[in-house]
Amino acid sequence: MEGIRGKVPAFNMERALGEVWALLSHGKLKVVDQWVQQLAM
Numbered sequence: 072m073e074g075i076r077g078k079v080p081a082f083n084m085e086r087a088l089g090e091v092w093a094l095l096s097h098g099k100l101k102v103v104d105q106w107v108q109q110l111a112m
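Just so we're aligned: 110 in the numbering used here is position 39 of the sequence shown, and the numbers increase by one with no gaps anywhere.
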């Protein structure tokens with residue numbers, strides 16, 4: 072049981088990070104475009 076319990080939080084964290092990353096990459100291109108425009112000024 073302990074081994075499984077130790078892996079569950081890591082899996083949840085990985086899944087949460089994956090969801091956050093999916094959201095970020097979904098709007099990432101727009102953000103990067105804005106960054107590039109600001110840096111170019």
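Just so you know, the hints here were simulated from the structure itself, not pulled from any lab data. Among these hints, one or two may not hold up.
To be verified - Ranges of calculated distance between the beta carbons of each label pair, as one might list FRET restraints: (1) 106 / 84: 26 to 36 Å; (2) 109 / 88: 21 to 31 Å; (3) 89 / 110: 20 to 30 Å; (4) 104 / 84: 25 to 35 Å; (5) 86 / 106: 40 to 50 Å; (6) 83 / 103: 21 to 31 Å; (7) 111 / 82: 25 to 35 Å.
Quick reminder that beta carbons are idealized off the backbone N, C-alpha and C, glycines included.
Results of checking the hints against the structure:
1. The given range of 26 to 36 Å is respected by residue 106 and residue 84, whose C-beta atoms sit roughly 27 Å from each other.
2. At roughly 27 Å, the beta carbons of residue 109 and residue 88 sit within the given window of 21 to 31 Å.
3. Distance hint for residue 89 and residue 110: a CB-CB separation of about 29 Å, consistent with the stated range 20 to 30 Å.
4. Range check, residue 104 to residue 84: about 30 Å between beta-carbon atoms, so the 25 to 35 Å window is met.
5. One distance hint, 40 to 50 Å for the beta-carbon pair residue 86 and residue 106, is violated here, with the actual separation near 28 Å.
6. Restraint check, residue 83 to residue 103: a C-beta distance of roughly 29 Å satisfies the suggested window 21 to 31 Å.
7. Our hint of 25 to 35 Å for residue 111 and residue 82 is violated, since their Cβ atoms are close to 41 Å apart.
Of the numbered hints listed earlier, those contradicted by the structure are 5 and 7.
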